[in-house]
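J.: Residue strings, one per chain:
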Amino acid sequence: MWAYIVRRLLLSIPILIGIVILTFLLFDVVAPDPAIVYAGKFKSVEQLQAIRHQLGTDVPKWRQFVNILTFHFAPSFRYQESVWSLLARKAPISLAIQIPAFFIELGLQLVLALFVASRRGTILDYGVTLIAVLGMSVPIISLYLGAQWIFGGWLRWFPVAGWSPGFFYALHFAALPIIVSVIGGVGGGVRFYRTIVLEEINADYVRTARAKGVPAREVLFTHVFGNVLIPVLTNTIVVLPLLFTGSLVLEQLFQIPGFGALLVESIHAQDQPVVMFIVYITSLIYLVMLIFTDILYTLVDPRVTLK
Amino acid sequence: MRKTKWIFFFYLAVVGLFIVGVAFSLSFTPARDPYTLYTEHPGTIRTLDPAEAADQPAALILGELYECLYNYKYGVTPYELFPELAADMPVYSDGGRVMTIRLRKGIRFYDPEHKVFPSGVGPAITAKDVIYSFKRVCDANLSGVNYSTVFEDRIVGIEDWWNYTKTLPDSKLDWDRPVKGFQILDDHTIRLVMPQPNPQMIYNLAASWTSIVSRDAVNYWKQDFRLHPVATGAYYLKENLPDQRIVMEANPIYRGRPDVDGDADVPESQRLPHIKRMEYDYFTETLPPWILFTQGLFDAAVIPKESFNEAIQLQSGQLSEDLVKKGVILIKSPLPITEYIGFNMQDPILGKNLPLRQAMSMAFDRESYIKNFWNGRGLPAIGPIPPGFPTYDPKQVNPYTQFNLVAAREKMKQAEKINGGPIPPLHILMRDSDTLERQVAENLALQMNQIGLNVQPEYRDFARWNEMVDNRQTQLFDAGWVADYPDEQDFFQLFYGKNAPAMGVNSAAYVNPAFDKLYDRAAVLQGGPQRRRLYLQMGKIVMNDCPWLLVFYPTSYALHYDWLSGLRSMDYGYALRQYLSLDVALRRKRLEGR
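Residue numbers (my numbering), protein chains in the order written: chain R, -3 to 303; chain E, 67 to 660.
Accuracy of the hints is not assured; some may be wrong.
Said to hold, decoys possible - Each computed EDC-like pair below joins lysine to aspartate or glutamate, with the alpha-carbon atoms no more than 20 Å apart:
1) LYS171/E <-> GLU372/E
2) LYS564/E <-> ASP219/E
3) LYS37/R <-> ASP331/E
4) LYS37/R <-> ASP536/E
The set of hints was computed from the structure by calculation and includes no laboratory data.
Turn these sequences into a full structure, and let the hints guide you.
T.: See below:
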């Protein structure tokens, strides 16, 4: 297994470098000179040079690239703050929304999928599937804006948008984004896991278990659920790195000062260090998580070995 | 089975805890102070260092904290300056090349954190502080974002100082190194020496970029000075939560009015600011602050485009009855902005073809454009100068801004003759790619199609648009200009030949020696009938030459509740909030039962 892990880690390096090269080139070729963005209405050559110097974009491109690869990120152009400090400030806010939303959503998806799959063809199955498809069909922005209007503006159950430090104040502002995030994401998962559960329910080992007189509930929760875990792992662990980057649209609309909103605003503001940093770090964690998923397969399913 | 069951129960417990936590947290509504002004703020503050800030969101905050030598009289139009940190208006000599300015006495810096000055009260402002602040604007180490706007080419010897700052880091600069154009005559008198008369320089001394800072504070905070203002304004920075909110409270050592000396005895009833605390919440989206305003949680707001029909009656243009009942007041005011479509005069097709530009201008239906895309919030443009300037005349007739398809088609015949055949497709560069911008571009293409022109839109983000326009890499480009000060020169510089090369503000690269001659004459004149005549002539030249397809002058629709009084529409100036008042009882009464 260790040989496998080392091999996968080594294979990840060129992928990571490729991602960084691609993003770097996109900024270099497609994006305009950031100095122009920060120069204001009246520009002069002198002034642009000074801004480039301050932003650190006047050093050779190869040097900038090596700096990024070696984790020496320039400070954010927009915040004039270290990207690591931005991470420390904003990632916890994104996580405060994403972690509860992720676990509630995943649990709901699995429970509903198991429930409706075990009652295939009944009104309950059709009803839940219909609601799930409806949920998938509603544009996510409409859902968010609708929730703001109804629950924030009209019923006033939750604040419309914003954020505040402190656990309960944060929860006060996080509740509605978490709820709409769960509502928006649960449908797709229910449909996906229902299909997987149905495949397992019709497998030979399930029929054998039933024939042996194992109670239906135990068949479902022990035999079926155990075998469903592999696709569940595949589906969930790879999204873990995205938890700390937050939801781009959700944070933007609900004015949550997390990492997702930061990424959107940094792209708009040509804040190259921040965008490079987020892309690099997310890719890195994503690649590590992929390896981690493979390792977990061996724990969930003893038949799987890594060579 | 047992393990799975426990996992399930654990999950239910987590969800249950979340629900209980949410229910509990709903009682944790952040406290609202009845004496605080609540409103939205449009963007993140990058820096609160006047020398480094060049954006509008920062200017709005800086203006409440810092003070300049001059400011605009509140609520007075036509706009008039008054001496704020200066003791009186400047005395001009040497044909207008020298400005001598006396300073007020006894105005002290306030340090809210008691770090730079342990008692919180700093020394009184002197001429040294003023010159130091001006030199910082011209410091290459601080990127000099305002250097070109304010002092470059406008102060004798400033280029030497700028080059000197490039050779050393800030900490090693000799801030007492003389600059010929920045002179300290005594503790309370400075002199600015300019290479040529510059009547607009005084407006720069009323812009927040030239606010006076404390040298001790800069030395203490170093790089972090941008987050720790030590200033003399009506408010001080109480709290700055990046991307969340900014809170300002009344400066306890403020002199009570901006137009008096530090030791003036201002009666308590007249002392400013009236509102002792202000909280600005950041919003980049327009819907949430609008909902908060309709709930009465924000005291003032602008109307987002998507909620316009909810707020304004379409037929009458008046406020909706629902909002009137809630005590909302509408302030409509023309903005000092001209929206236009620039013709790149260096383009071989557009630059030499006056009838083509005139035809395009006549084929554009401004009335329907304003109605359809801006909810009627604007006036059709007649000339480059928008309302609010002395030379703007709403009765003026410009034949090329009147929608006239017959005349436009006639002009097109001349245009094709000049071109030696049909006009090839033209490309317009749009400064965004959002829905509105696409609709606007398609509308323009349709309108131009009526005179046989094929206009193809290209969409770029604002930064790329900026770069392409600055480098004259476009044919047509949609643009707008917001006046920086109440002098027509701010618009006419956009047509001045010396500003036509790449990066210059004359984005259309328009060059007309007759115009330049008039501009040169007007540029050194103080306001008066002679300069007004020159401005009128310059305006006529531009209207005839059509380097811009003039589109419209936007109108601002701002709302506030009747419990907030003293609000005036001000296009320039800063420190405006100190004049506002809150009727706390009325607010409480209106919000009861909501």
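J.: Need the list of violated hint numbers for this structure, in ascending order.
T.: 1 and 3
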